[in-house]
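Guided by the hints, dock chain B onto chain A, whose structure is given.
Protein sequences appear in the order of chains A and B.
Quick note: the first sequence uses UniProt numbering, first residue 1, plus one each step.
Quick note: the second sequence uses UniProt numbering, first residue 1, plus one each step.
Bear in mind the hints are in silico, worked out from the structure with no lab data behind them.
Mixed in with the good hints, there may be bad ones.
Stated by the list, open to error - For the chain B half of the interface with chain A, some residues (derived, Cβ under 8 Å), not all of them:
hint: 1; residue: Thr175
hint: 2; residue: Pro176
hint: 3; residue: Ser191
hint: 4; residue: Pro193
hint: 5; residue: Gly215
hint: 6; residue: Val219
hint: 7; residue: Trp227
hint: 8; residue: Val304
hint: 9; residue: Asp351
Owing to the predicted nature of the structure, the values given are computational and were not obtained by experimental measurement.
We put the CB at the ideal spot given by N, CA and C, even for glycine.
The chain contents come next:
Number of protein chains: 2
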Amino acid sequence: MAIENPYYGHEFHGDYDLISIGEFALEEGGVIPDLHLAVATFGTLNAAGDNAILVTTWYSGTHQIFRDVYIGPDRALNPDKYFIVVVNQIGNGLSTSPHNASGANAKIAMSQFPKVRIGDDVRAQEQLLREHFGIETLQLVVGGSMGAQQTYEWMVRFPGKAKRAAPIAGTAQNTPHDFLYTKALIEAITSDPGFKDGEYSSNADVVDGLKRHAGIWAVMGFSTEFWKQELWRALEFESKEQFIEGFLEPYFTQMDPNDLLCMAWKWQRGDVARHTDGDLEAALGRNTAVARILPINEDMFFPVRDHEAELELTPHATIRVIDDLLGHLALFGIAPTYIGQIDHHLQELLDTES
Amino acid sequence: MAIENPYYGHEFHGDYDLISIGEFALEEGGVIPDLHLAVATFGTLNAAGDNAILVTTWYSGTHQIFRDVYIGPDRALNPDKYFIVVVNQIGNGLSTSPHNASGANAKIAMSQFPKVRIGDDVRAQEQLLREHFGIETLQLVVGGSMGAQQTYEWMVRFPGKAKRAAPIAGTAQNTPHDFLYTKALIEAITSDPGFKDGEYSSNADVVDGLKRHAGIWAVMGFSTEFWKQELWRALEFESKEQFIEGFLEPYFTQMDPNDLLCMAWKWQRGDVARHTDGDLEAALGRNTAVARILPINEDMFFPVRDHEAELELTPHATIRVIDDLLGHLALFGIAPTYIGQIDHHLQELLDTES
Numbered sequence: 001m002a003i004e005n006p007y008y009g010h011e012f013h014g015d016y017d018l019i020s021i022g023e024f025a026l027e028e029g030g031v032i033p034d035l036h037l038a039v040a041t042f043g044t045l046n047a048a049g050d051n052a053i054l055v056t057t058w059y060s061g062t063h064q065i066f067r068d069v070y071i072g073p074d075r076a077l078n079p080d081k082y083f084i085v086v087v088n089q090i091g092n093g094l095s096t097s098p099h100n101a102s103g104a105n106a107k108i109a110m111s112q113f114p115k116v117r118i119g120d121d122v123r124a125q126e127q128l129l130r131e132h133f134g135i136e137t138l139q140l141v142v143g144g145s146m147g148a149q150q151t152y153e154w155m156v157r158f159p160g161k162a163k164r165a166a167p168i169a170g171t172a173q174n175t176p177h178d179f180l181y182t183k184a185l186i187e188a189i190t191s192d193p194g195f196k197d198g199e200y201s202s203n204a205d206v207v208d209g210l211k212r213h214a215g216i217w218a219v220m221g222f223s224t225e226f227w228k229q230e231l232w233r234a235l236e237f238e239s240k241e242q243f244i245e246g247f248l249e250p251y252f253t254q255m256d257p258n259d260l261l262c263m264a265w266k267w268q269r270g271d272v273a274r275h276t277d278g279d280l281e282a283a284l285g286r287n288t289a290v291a292r293i294l295p296i297n298e299d300m301f302f303p304v305r306d307h308e309a310e311l312e313l314t315p316h317a318t319i320r321v322i323d324d325l326l327g328h329l330a331l332f333g334i335a336p337t338y339i340g341q342i343d344h345h346l347q348e349l350l351d352t353e354s
Numbered sequence: 001m002a003i004e005n006p007y008y009g010h011e012f013h014g015d016y017d018l019i020s021i022g023e024f025a026l027e028e029g030g031v032i033p034d035l036h037l038a039v040a041t042f043g044t045l046n047a048a049g050d051n052a053i054l055v056t057t058w059y060s061g062t063h064q065i066f067r068d069v070y071i072g073p074d075r076a077l078n079p080d081k082y083f084i085v086v087v088n089q090i091g092n093g094l095s096t097s098p099h100n101a102s103g104a105n106a107k108i109a110m111s112q113f114p115k116v117r118i119g120d121d122v123r124a125q126e127q128l129l130r131e132h133f134g135i136e137t138l139q140l141v142v143g144g145s146m147g148a149q150q151t152y153e154w155m156v157r158f159p160g161k162a163k164r165a166a167p168i169a170g171t172a173q174n175t176p177h178d179f180l181y182t183k184a185l186i187e188a189i190t191s192d193p194g195f196k197d198g199e200y201s202s203n204a205d206v207v208d209g210l211k212r213h214a215g216i217w218a219v220m221g222f223s224t225e226f227w228k229q230e231l232w233r234a235l236e237f238e239s240k241e242q243f244i245e246g247f248l249e250p251y252f253t254q255m256d257p258n259d260l261l262c263m264a265w266k267w268q269r270g271d272v273a274r275h276t277d278g279d280l281e282a283a284l285g286r287n288t289a290v291a292r293i294l295p296i297n298e299d300m301f302f303p304v305r306d307h308e309a310e311l312e313l314t315p316h317a318t319i320r321v322i323d324d325l326l327g328h329l330a331l332f333g334i335a336p337t338y339i340g341q342i343d344h345h346l347q348e349l350l351d352t353e354s
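This is chain A alone, in the form it adopts within the complex (with noise of 0.2 Å):
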C-alpha cells in the first residue's frame, strides 16, 4: 500500500505535471498500469516545434535542481528561447514510484514495484514527448549521473532524434566499480531492521540506513580535497559532522527508501550495449548526435577516465573536462564557479550546427 511523504509534493518541489501515458510495459517483464511522469517545463514550445531540450534527472534527483540552478534567462538552458522539459525519472518518488503507486497501480506499491531499466525511463520520455508535446525532434538532451546514462540511451535508442547530446558526469555504460558502489548503498538502507523488506510504514522507520546511505555518500559523492580544504563551509556550516548532521542526512533521510532502491537498482544497470549484444562500441556507434562529454575532474565514481574511454567509440563526441573540487556532488552547483562551466560547454554546444 501507497505511503504518505510530504517531501514528495508542491511544497517542496514548486510547480511540475503528473501526466498519465497510461499502462507501460517494462523491459524486465514487469507493467506500470498507469504511469505518470512528473514533468516541469520551461520557455514555450514553438509553431515549428523544435526548440525544444529535454532534461534527465539523476539518483535522488528531480526537476527542482534544474528549476533552481541550471535553467534560466542567463543560461545556456533559456526558457526563453527553449522549451525546456524536465522529465522526473520513473521510481523518483514524483513520477510513478514505489511509495506513491496508488489507485491503478496499488498492485505495484512498495515492495512490489517491479523493476525498470534506463531504457524505460527513455521509451516514456520518448513516448510523452510525442503524445503529449507534439515534439518529434529535440535540440538537445542533458542530463547528470542516472540523467548522463539516460542521455546516452537516447543517442543510442533513438539516432536522430536528439540533435546535440550532453551527458554529465556519466557513463554509456555502467562500470564494475560504480556497480560495488552503488550495492553498498542498497545494503546499507536493507539491512536496516526497520526496512522490513521494503514493507516499512515510513521512510522515518527506515532512518538509520538512510543515514549510513548518506555517510556512504560523504565517502564517494566528494573528493577527498573536498572535506581536506573544508569546502563545506561555502554552506555555512562549521564543521563536518554538522555538513552532514544538516545537510547530507536530512537530504536523504527525507526520502522513500524504496523510491531509492528502484533508482538504484537501474543505475547499476545502465548499458546501452543491451541494444548491440554487449558490443559497447558497436551501440555509441550509432550515435549521430553532436556531443558533449562532461566529466568532472574529482568525481570519484564516474571518473574522466571511464569517459574519455566511451568518447573514443562515440562518432560526433568532443570531451570537456569540469574543474570542480567536490567531485561528483559538484551537480549540486554549490561551487560559484561550477555552473559557468555547463554553461559555456552548454552554450558552445547549442551554437553548434547539427
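Frame of chain A, contents of chain B only:
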C-alpha cells in the same frame, strides 16, 4: 568475556611470540593490565645490536603478510643482514585485543576494551625493543597504511631512534575523508543486530555486518581500474562476485568485529600533530630519519597528493610513487610488479648513509 576465534592463532599465523610488557597506561586514560605483543622476528640481532628493522602492521593485517611478501633473502628486508621485528598492533587479534582479553585482562574484554591510540602502539614497540631485545636504535621503521601512521609517529615521537623511515600508503595526520571512510566501515559492523553492542558470542553472529564492511572495502580498497580491467583474474577467480565471495568476504568475516573496531577508532585519529598542539609542520619538523614516502598512485583514500602535502613539511624526506592499479590494497602484493618497486625503494633507502 573473551571469545574463541581460531583465525588468531599459530595455525593461521605460523610462528610468533607473545611477549608481555606488563601493565600499560593508554593515552586516552585506559589501562591494559598486562599488555602482550605478538612479535615475529626474522634474522639475528648482531652483537652491537644495531642491525634491527621494525615493521608495523596495518588495519586487519598481521606479521603474516610481511613474512610471506615483504621479507626474504632476496628482498630489501633481508633477514640474512637485518634483525627484522614485526610487531602486531594492539587490537589486531594477535596482540592483546578485545576478543582475546582474558586472565589479567579479563576486565577489558570485548565492549570493555579501552580506546587505543597510534601513540600507544609506538610507545609499546619502543619499550619492547629496548627492554626485551636491548635495541636502542633502528636502521629502519617501515609499515603500510596504519603501519605508515605508526612509522610517522616514530619519526616525530622518537627523533634519532630510527635512522630511516618508510611510510607506505599512509599519512602522518589522518584526513577528514579518511575519517568518514572509516566511519562507514565502523557503522557497517555496529549496525548489525548480531553485534549486540560488542557483546556477541561469536564473530559469526556479525557475519552480515562484516560482509557489508567487506563490500565497502571493495569500493575504496581497490581502484576503479582494478574492477574495470578485472585484475582479480590474477587470483584465478572468474567473476567479481566470485572474487568478493571467495576472497574479500572470507578475509574479513573470519576476523573479530571488536578487534576491527579497536583498530578503526585508532586509524581515524592518527595524528602526529597531537605532540605540537595541532601544528603539523612543527611535528613533522622533528624528524631526523632519512625518509622515503611511498604512496600508491591509484590509492582512493590515501591519495598521492596527501602524501605530497606532508612531504613538504618533512625534513630529510623524499617521495617515490608506487605504480599499481590495485589501489590501496596493492599492499597485499598481488601484482607481480609491486614488491619489486618496494624493494627498489627500500634498498635505495637502506643504502643511504644516515
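Do the hints match the structure? See the list:
1. Using the Cβ-Cβ criterion of 8 Å, the hint placing Thr175(B) at the interface with chain A is satisfied: the shortest such distance is roughly 6 Å.
2. Because the beta carbon of Pro176(B) sits about 4 Å from the nearest beta carbon in chain A, less than 8 Å, this interface hint is met.
3. Restraint check, Ser191(B) versus chain A: the minimum CB separation of about 6 Å is within 8 Å; hint holds.
4. Because the smallest distance between the Cβ of Pro193(B) and any Cβ of chain A comes to about 6 Å, under 8 Å, the interface hint for this residue holds.
5. About 5 Å separates the beta-carbon of Gly215(B) from the nearest beta-carbon of chain A, less than 8 Å, and the hint is met.
6. For Val219(B), the shortest C-beta to C-beta distance to chain A is roughly 5 Å, which falls under 8 Å, so the interface hint holds.
7. At a threshold of 8 Å, the smallest CB-CB gap from Trp227(B) to chain A is about 4 Å, leaving the interface hint in force.
8. Given hint, Val304(B) at the interface with chain A, is violated; its Cβ is 11 Å from that chain's nearest Cβ, farther than 8 Å.
9. Checking Asp351(B) against chain A: minimum C-beta separation of about 34 Å lies over 8 Å; hint violated.
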